[in-house]
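Undergrad: In case you want the letters, here they are:
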Amino acid sequence: MFELSTETLWLLLPLIPGLPLMAAALVAIFGHRLGERSHLPVLLAVAGSAIFGFLALMHVRGMGAHQAPNAVFNYANWFEAGNLRVDWELRLDSLSAMMAAMVSFISLWIVLFSAGYMHGDPGYPRYFAAVGLFVGAMNTLVLANNLPLLFLGWEGVGVCSYLLIGFWFAKPEAAKAARKAFLVTRLGDVALLAGMILLYRAGDPVGLSYDTIFSHHYDATTLYWALVCLGIGAFGKSAQFPLHVWLPDAMEGPTPVSALIHAATMVTAGVYLLARMLPPLAGHAVTAAQLESIGAFQDLVLVSGGVTALLAALIALGQTDLKRILAYSTLSQLGYMFMALGAGTTKGNVECHSLASAAAAAAVFHLFTHAFFKALLFLSAGSVMHAMGNVLDLRRIGGLRKLLPITHICFLVGALALAGLPPFSGFFSKDGILEVLEQGAHSGGSRGGLQHAMLWLGLITAGLTGLYTMRAYLLTFWGKERIPEEAGHHAHESPAVMTIPLAVLAVPAAFIGLALGPTHLFGHFIQASPGWHAAETHAFAWKLAAVGLGAAAAGIAVALALGDRRPSRKPNGLAETARSGFFIDDVYTAFFAKPLEQFGRLLNFLDRELVDKLFELFARIPGWLGESLRPLQNGLLQYYALAMALGLVVLIAMFTLAR
Amino acid sequence: MDSARILDSCYLALPELGMLAAGCLFFLLGTMIENRRFWAVATVIVLGLALVFQIAEANDPETSGNWLLHGAATFFRFLGPVLGLIGTALLAPTGSGQARRGPEDFACLLVACAGVGLTGMAPDLVVLFLGLELVSIPVYLLLFLGKHDRQGQEAAIKYFLLSVLSSALFLFGASYVYGMTGSTRLEGLGGIHENLRWSETAPGEIPAARTLALLFLLAGVGFKITAAPFHFYAPDVYQGTSPAVAGLISTLPKAAGLAALLRLIGAGESALAPFGGVEWSLLWILAVATMTLGNLLALWQNNLHRLLAYSGIAQGGYMLAAVSTGGQAGIGAMAFYLAAYSLMTLGVFAVLAYLNDPDCPVKRVDDLAGLFRTRPIAALCLGVCFVGLIGLPLTSGFYGKLLILKTSIASSSSQGNSLFLVLAFFIVFNAAISAWYYLGVLTRVFLRLPLGPQAKPISPLPLCAAVACSIATLAGGIVPGLIEPYLRPVEKATAQSVAVDATVVVTANGFAGAIEQAPE
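So the protein sequences, as listed, match chains B and H.
Here the working numbering is used: the first residue of the first sequence is 1, the next is one more, and so on.
Here the working numbering is used: the first residue of the second sequence is 660, the next is one more, and so on.
Among the hints, erroneous ones may be present.
Selected chain H positions facing chain B (Cβ under 8 Å, derived; list incomplete) [claimed, not checked]:
#1 Phe819
#2 Leu820
#3 Leu871
#4 Phe889
Far from chain B, some chain H residues (derived; all Cβ distances over 12 Å) [unchecked claim]:
#5 Lys806
#6 Gly841
#7 Ser842
#8 Leu945
#9 Gly986
#10 Gly1075
#11 Arg1107
Simulated from the structure, these hints should not be mistaken for lab results.
Think of the CB as a built atom: it goes at the ideal place given N, C-alpha and C, for glycine as much as any other residue.
So that you can see chain H by itself, here it is in the shape it has in the complex (with noise of 0.2 Å):
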C-alpha cells in the first residue's frame, strides 16, 4: 500500500469523497436542522454536484487516460448518483412511516451513492471491501430506522448479520490473495500472474487456492447481487421495509456487487484483473441457478415486496448471465440491463412509495386491484416497469435482455461452447415464466376493480419519480440506438459518459420537475 497512489485515488474519486463528507456533516448537522424538506433539497444539490464533477472529470483529456476511471468505473460512478436521485424523492414525503426527521435517511443515501462509485473505481482489494461496506452500513441504518415495528427490527437485523457473515467471507478470500500473491492491488495481479507464487503449479493448470480465493470473494459478492445461494435475506428484508428503502436496497448494492465482480473478475481490462477470462463456469452456474430459483418463488407470492424481492433475485441472474459470457459486449449488455433494471424497480417501488398510506397498506398483490380506475397515471407507470421486467418490446428491458441473447448467442458461436445456448435458452425460459407475475400483477391493476377503500397519497414526489424511470424505461427501449453504441466498447471512458448523460438527463429531467411541484 504506497500512500501517494491513495492520495491520487483521493483526488480522483472527488466526487464520491465529496458526496462521503456530505453524508458526514448531514449526519452531524441533523440534530439542528430538523426540516425534512431541507434536506431533500441538500441531497439533490450534491448529488447534482456529484454528477456534474463527473461529468467535467469524463469529458477531461488529462485524466481520461487513468484507468480507474475508464469505462465500467464511470458507468458506475453515474449510476450511483442517478440512483440517488430518484431514491432521494422515494425517501422524501415524510409521515409515511419513516422517522419524523430524517437528515440520517439522506445522509444514508449519499453514503451508499458514494460506495458505489468506489466500488466501480476501486485500485485494490482493500479500497473494493471498503466501499462495499460504504454500501453496506448505510443500509443497515436505513432498515433500522426506516420502520420500527417488529417486522423492521427482524429484517434490519437479518440483513445487518448475514451482511457481516458475507464481509467476512469476502475478506478471507481477499486474505487468501495476499497470501499467495503478497499484493492486494488488483491492477497488479493481474500482471504478476505468471511469476509469483499464484500460479505456481504447471502452466495452463488453475491452482486451486486461486479458485478457493476467487469462491470466498464472490460468495460476498455475491450476497449484494443476491445471486443463489446468497439470497435468501432479500425476501424476508424487502418485506420488512418501506417501498422506500426496499427500492434502495434493490438497486445500490445490486449495482456496487456487480461492479466489485466486474473488478474482480476484469471489467473491459482483463488482462489488469486477479481472475480474467477464466471464471465463465461459475458464473454460468450461478447465473441459471439464481435466474430459475428467483422466478420459481416468485410465482408464489402475494406479498408485493416479496414478489419483488424473487424478481430482483431472477434478473440479477440475468445480469450474471452476461457477465458470464466473458467479452466486452457481455459487459456492456450487463451494464445496459443493471441501468434498465434500476429504472424499472426503482418506478415500482415508486408508485409503491406514492401509495404508501398507514391507514390503506398496499401490501399484497391484490390490494393494487383496480388501480388503473383510480389513480390511472400511477398504473400506467406500474405497467410501463412491469413491461419492462417482463422484457416485452418498446422497453429498455426487452433490448437489454435482447442484448444478453445476443451475447450468449455470439458467445456460443466465438468461442464453440453450446452451453452459451443452453444459457440463451434458460434465459429466454426464464423470462417467459416470469410473465407469469408480472402479468398477474398488471391484470389486476387494469382489468380488476378496486376491492377496497384506495390509498391517500401524501406526495406527488414519488410518483414523478415513478413517471421519470418510465420515460426512461420507454425512451431506452424505443431509442436505445442512442445510448448502446456507447455501451459497446465499454472500454472507452468518455464514450461511456455520453451513455449514462442520456440517462441522467432523462431522470434529472423528471426529478426538478417532481422538485417544483412538492407541496408542503
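Chain B on its own, in the form it takes in the complex (with noise of 0.2 Å):
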C-alpha cells in the first residue's frame, strides 16, 4: 500500500494550498514583466498542487478503511487573545485529502483553459494572480483542522470571487455583480463568525480546532444555533435560497471563473463546511435534546436546499442564455447536496449518526461528480461563447454541432451527466441523495413526513433538470445552424489548449460516478474519516433508481418533442416569471436595498448637515477665540509690561483678597 512518511507529509500539505499562493505573489509583483506568460507560474503551481494533493489522499486511501486517518499538522501560533488560541494546523483525513485534490485537479484544467480563453487580455497577469489566490484560499479553507484557518480561506475565497467577477470592472454589470455577490456572502460571513463565537463560549476547553469541537458537549440550544449560523455561513457562500441570488449574476466574470466558482473553489465551501461539522456533530450527539437539535437544524438545511432546487430549476427553464442556465443548474445541484445533508433522524444516536454520515457522503459524492461536469460545461460554453462572439442567446446561436464538433460531444457528455442518465456520473451521484432521502423517510422518527416530501420534490427536479439540460444542449448544437454576426466570418473549434482540458475533463464528467458509485469506493473512504460512522454495504436500490432515470427521461423526452422550437421574444407572464427568477431579486431590491438606501440617504444628509456642520462649529470657536484674543498682542513694550504687571495683580486679587 501507498504510505508517505510523516515527515514527508508535514513537508507537502502546507505547499498544496502554498504553492498556489506563492505564485500568486509572483504573478502579481511581477506581472507586467510576465505579460502574456503570467499563467505559467500558477499553471505549474496548480499541477503541483493537483499533484500533492494526489499523493495525500493515495496515502490516505493507502492507510486503509477502517484506521482513523486523521493527521494533524500543528506548524506554528497564529494568534492568541485571552484563553483562544489558534495554530496554524492543517488536517489530513479521507474528507480534506479527497476536497484538496479535487480542487487542485479542475482547476488545473481551468487555468490552462483559461490561458487560451484570456488570450490579448490587458489584464492577463491579473487574471491569474487572482485565480492563483483563489485556488490557494480554497485549499487552505478545506485543508485547514481549525475553524478561524477555514474562515481565513473562506474570506480569501470571497474576495476573489470579487475580484474575479468583477474582473472587467468597467463593465457596470460586471462591477454591480462582484459587488452583489461579495455582500451577499459576506452576509453569510457574519452568520459564520457568529457561529464561530458561539462556539467558542460554550467550548472548554477552549479551542476552535475540529476535534475539540467534535469533542465537546454543548448543550442542545447552543448546538443548534451554533448550527443554524455555520448553516447561514453555508447558505451564503453555496448560494441557497434565500441567499442564492448572488450566483446567477456571478456569470458576468470570464467564463473559466465561472467554471472555478461553480465547479471547485467557492461555492463547494458551504456543502464541504457542513460535511466537516454534521457527522462527527451527530455522532457525538448523545441526548435526545441534542438530537433534536441536529434534527432541527438538519430540517432547515433540507427546506433550504429543497426550495433552492426546485426554484432554480423552475428558473433554469425561462432562462434564453446559456450560460445563465448553467448557473441555475448549479443553484439546482447544489440544493441537491443540502437536501442530501439535511437527511437524517432522530429515533436514536447510532441511526442518527450513521444515516447523517451516509448522507454528508452523499452529499460530498455529488459535490465530486458534480465539480466535473460543471466545470466541463462551462468550460463547453465557454468555446462556445469563443466563438461566437460572446453571444450565448439561444435565440441567437444554434446548430453549432458540425462547427465545433469536439465542444458539442463534450458538452453532450456533461450535459448526459446532468440531466442524470446512466452510465454517466450524475445519475449515480444523485440517485445517492434520493437514496439517502427515502432513508431518511423511512427511518422513523419525527423527521420522516418532511423528507419524504423533499425525495419527491427532489424527482420531479430530476424531470425539469432533464428537460431544461437537454433543451439548452439542443438549442445550441442541433437545428439550423444560427451565427449571430459578433462572431465575424471566422467562427471555428477553438484552440488545443481549450479543448485538451475540454476532453480531459469530460472522462471523469463520463465515468467516474460509475467507477466510484455502485462499488461503493467513494463512500466507504469518505465515511472513514475520523467521526464518522463507518460505511454499510446495501443493495443498489433499483427499484428509486428506475423511478429517477424515469423523471429524467421523461425530461428528455419533453425537451426532444419541443425540439428547434426557440423560445418566443414575445413576453408572455410565465416564461417572464421564471425568467426573472421569481422576482427574488426584486423583493430584495424593494424590501432591502431601496429602504437601506434611503436609510443610507438619510443618514448621509445628517451626517452632512447635522453632525458635521455641528462639529464645523465646534471647529471654529477656538480660531475665533484665538481671533478675539489677537489685539492682546499689539507689540508696544509699556502695553506688555503693563499686562503683565495686571496679570499679577488678578492673581493676587483671586489668592489673597477671596480667602
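Could you use the hints to bring the two separately framed chains together as a complex?
TA: Structure (C-alpha cells):
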C-alpha cells in the first residue's frame, strides 16, 4: 500500500495551498514583466498542488478504510487572545484529502483553458494572480484544522470571487455583480463568525480546532444556534435560498471563472463546511435534546436545499442565455447536495450518526461528480462563447455541432451527466442523494414526513433538470445553424489549449460516477474519516434508481419533443416570471436594498447637514477665540509690561482677597 | 549666608563653574582668535568635559548623598550641556546673519548652560536668582549680537526690559521670604516652616504674605517659562532674531524657569521646599491659561517664528500642568516632557537654521511649501519634530503627554479632586487644537509644491543637529521604557543620571558626526 512518512506529509501538505499562493504573489509582483506568460507560474503551481493533493489522497487511501487516518500537522501559533489559541494547523483525512485533490485537479484544467480563453486580454497577469490566490485560499479552507483558519480561506475565496467576477470592472454589470456577490456572501460570513463565537463561548477547553469542537458536549440550544449560524454561512457561500441571488449574476466574470466558482473553489465551500461538521457532531450527540437540535437544523437545511433545487430548476427553464441556464443548474444541484445534508433521523444515536454520515457522503459525492461535469459544461460554454463572439443567447445561436465538433461532444457528455442518465456520473451521485432521503423518510422518527416530501421534490426536479439541460443542448447544437454577426466570419473550433482541458474533464464527467458509486469506493473512503460512521454496504436500490431515471428521461423526452422551437421574444406571463427568477431579486431590491439606500441617504444627509455642521461649529470656536485674543498682542512694550503687572494683580486678588 | 557652605557648593558645582570660567575666557580671548570654527570646537570640548564630569559625579557614591545633587538637579545639570551641544551646531555656521566673528555667541551659550545647571541645584534664593540671571544676561547679548536690523534691536530691547521687570518681581518676592523667615536658604525654609514668623497665623491657615511672596516669585519664574500672563514678549522676540538664537531662547530659559519652579515648590523633596505641596491650584490656573492661550493664538500665525513661540508657550503649559499635579510622578513626567520638548523644538529651529539663507529667507509658513521635494531629509526631520509636538505615537512627545495625562488622572483619583480630570481634558483639547496649526505646516512641507526659489544651505551642521533631535524624538517614543523607569523615582540621583545618559548618547553621537562633516 502507498504510504508517505510523516515528515514528507509535514512538508508536502502546506505546499498544496502554498504553491498557488506563492505563484499568485509572483504573478502579482512581476506580472507586468511576465505579460502573456503569467499563466505559467500559476499553471505549474496548481499542477504541483494537484500532484501533492493526489499523493496525500493516496496516502489516506493506503492507510485503510477502518483505520482512522487523521493526521493533524501543527506548524506554528497564529494568534492568541485571552484563552483562545489558534494555530496554523492542517488536517489530513479522507474528506480534506479528497477536496484538496479535486479542487487542485479541476483548477489545473481551468487554468490551462484560461490561458487560451484570456489570450490578448490586457488584464492577463491580474487574472492569473487572482486565480492563484483563489485556488490557494480554497485549499487553505479545506485543509484547515480549525474554524478560524477555515475562515481565513473562506474570506480569501470571497475576496477572489469579488476580484474575478468584477474582472472587467469597467463593465457596470460586472462591477455590480461583483459587489452583489461580495455583499451577499459577506452576510453569510457574518453568521459564520457568529457561529464560531458561539462555539468558542460554549467550548471548554477553549479551542476552535475540529477535534475540540467534536469532542465537546454542547448544550442543545447552543448547538442548534451555532449550527444555524454556520448553516447561514454555508447558505451564503453555496448560494442557497434565500441567499442564492448572487450566483446567477456571477457569470459576469470571464467564463473560466464561472467554471472555477461553480465547480471547484467557491460554492462547494458551504457543502464542505456542513459535511465537515455534521457527521461527527451527530455521532457525538447523546441526549435526545441534542439529537433534536441537529434534526431541527437538518430540517432547515433540507427545506432550503429543496426550495433552491426546485426554484432554480424552474428559473432555468425560463432562461435564454446558455450561461445563465448553467448558473441556475448549479443552484439546483447545490440544492440537491443540501437536501442530502439534511437527510437524517432523530430516532437514536447510532441511527442518527449512521444516516448523517451516509447523507454527508452522498452530498460530497454529488459535489465531487458535479465538479467535473459542471466544470466541463462551463468550459464548453466558454468555448462556444469564444467562437460566437461572446454571444450565448439561445435565440441567436444554434446548430453548432458541425462548427464545434469537440465542444459539442464534451457538452453532450456534461449535459447527460447533469441530466442524470446512466452511465454518466451525475446519475449515480443523484441517485445516492435520493437514496439517503428515502432512508431518512423510512427510518421513522419525527422527521420522516418532511424527507418524504423532499424525495418527491427531488424527483420532480430531476425531471425538470432533464428538460432544461437537454433543451439547452439541443438549441445550441442542433437545428438550423445560426451564427450571430458578432462572431464575424471566422467562427471556428477553439484552439487545442482550450479543447484539451475539455477532453480531459469529459472522461471523469462521464465515468467517475460509475467507477466510484456502485462500487461503494467513494462512500467507504469518505466515511472512514475520523468521527464518521463507517459505511454500510447495501444493495443498489433499483426501484428508486428506476424512478429517478424515469423522471429524467421524461424531461429529456419533453425536450426532444419541443425540438427546435426557440423561446419567443414576446413576453408571456409565466415564462417572464421564471426568467426573472421569480422576482426574488426585485423583492430584495424593494424590501432591503431600496429602504437601506433611503436610510443611507438619510444618514448621509444628517451627517453632512447636522453632525458635520455641528462639528464645524465646534472647530470654528478656537479660531474665533484666537481671533478675539489677538489684539492683546499689539507689540507695544509698555503695554506688555502693564499686562504682566495686571495679570499679577489679578492673581494676587484671586489668591489673597478671596480668602 | 555662611561662606563655608558656599565654598562647598563651589566644589559641587564644578562643571557649572568650569563652563562659566570658560565663557569668561572666550570673551577675553575672542579678540585674538577670530576663527569661528575654532571656538565651536572649543565649546564642544568644554560642554563635553562638563558632561563627563557630571556623569562621574552622579555616579560617585560620596557625593550622591548630597541633596543638592539629587534628582531634578541632576536632570537639569545634564539638560543644560546637552542643549548647549545642539545649540553649538545651530550657531556654528558663519555668515548666516550672525556676526562675522563670534566667540561671544559661544561664550553666551556656555554661560547660559551653566545658569541652567546652577538654577537646578541652587541651595539658596540668592543662588537661584544668580542662576536665572546667568541665563537671562547671555540671552540679552545673543539677541543684541544676533541681528543688527531694526526688528532685531526691538526684540533685544523688549526682552531686556521685560526680563528686568520680571527679575525685579522675583527679587521683591524673595525679599518677602527673607523678611518673614530671616533666611534665604531654600533647604531651611521648609524645616522652619512651622515655628517662624512665616506661619504666625492659626495652624492649617496659609498666611497671605506667603501667598504674596510666592506670587511674586512665580511672576519672575513664569516669565522664563513663558507662562500666561508673562508670555507677551515671546512672539515678538522670536520673530526678531535668527533661528539659532530663537531655538536657544525657546529652550534654555524655559528649562531654567522650570528648574527654579521645582526648587521653590519642591523638586522631589517637597518637605524641604518653602512652598511645598500647597500651591497646586495656582499652578493649575497658570497651566490651563498658558496652554489654551498659546494654542488659540498660534492658530492665526503665518510667521514661523511666531508660530513656534506660541507653540512653546502652549507646551510650557503642559509642563506646568504636570508640576501642578503635585506628586513625584508629575515631576518625572514634566522632566521627560521638558527634554522631549527641548529636543523637538531645537530640531525644528535647526531645520530653519539650516534653511536660513539671507537671499531667500524662510519666514512664513508658506516658505516651507514643497520642502519634501527639494530637501527630503530636512523635511523628514521637520515632520518627526512636528509630529512629536502634536503628540502622535512613536514620538517622545506622545509618551510625554501620555505621562502627564496619566499623572493628572492618577492625581484626580488619589486626591479625590476632579479638577485634575478637567486638567486632563484641557490637555487633550489643547493637543487637538494644536494639531491644526502643526499639521498646517506639515501639509505645506509634504503635500504642496515649492512656491519660489529654494534656500541654499551654508552648512550641513544644523541639519545634522536636526537629524540627531529627530532620532532622539523617535527613540523617546519607540523605546521610552529605556528612560521612563528612571524618571519615576526622581529623588534617586543615580537613576536620574542614567536617564539623561541616554539622551546624551543619542545627541552626542549625532553631533560627533556633524562636526566631522562640517565643511569650511
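Undergrad: Look at each hint and say if it fits the structure.
TA: Going through the hints against the structure:
A cut of 8 Å between beta carbons decides the hint on Phe819 of chain H: the least distance to chain B is about 10 Å, and the hint is violated. Against a cut-off of 8 Å between C-beta atoms, the interface hint on Leu820 of chain H holds, since the closest Cβ of chain B lies about 6 Å away. At about 6 Å, the closest approach between the beta carbon of Leu871 of chain H and any beta carbon in chain B falls short of 8 Å, and the interface hint on this residue holds. The closest approach between the C-beta of Phe889 of chain H and any C-beta of chain B is roughly 5 Å, which is under the 8 Å cut-off, so the hint is satisfied.
Remark: the non-interface label on Lys806 of chain H is consistent with the geometry, its nearest Cβ contact in chain B lying 17 Å away (cut-off 12 Å). No beta-carbon of chain B comes within 12 Å of the beta-carbon of Gly841 of chain H; the shortest separation is about 22 Å. A cut-off of 12 Å between C-beta atoms confirms that Ser842 of chain H is not in contact with chain B; the least separation is 23 Å. With a closest Cβ-Cβ approach of about 8 Å to chain B, Leu945 of chain H is found to fall inside the 12 Å limit, against its non-interface label.
With 12 Å as the threshold on Cβ separation, the claim that Gly986 of chain H sits away from chain B holds: the shortest Cβ distance comes to roughly 22 Å. Listed as outside the interface, Gly1075 of chain H is consistent with that label: its C-beta sits roughly 22 Å from the nearest C-beta of chain B, beyond the 12 Å cut-off. With a cut of 12 Å on Cβ distances, Arg1107 of chain H stays outside the contact zone with chain B, its closest approach being about 21 Å.
The structure fails hints 1, 8 (numbered hints given earlier, in ascending order).
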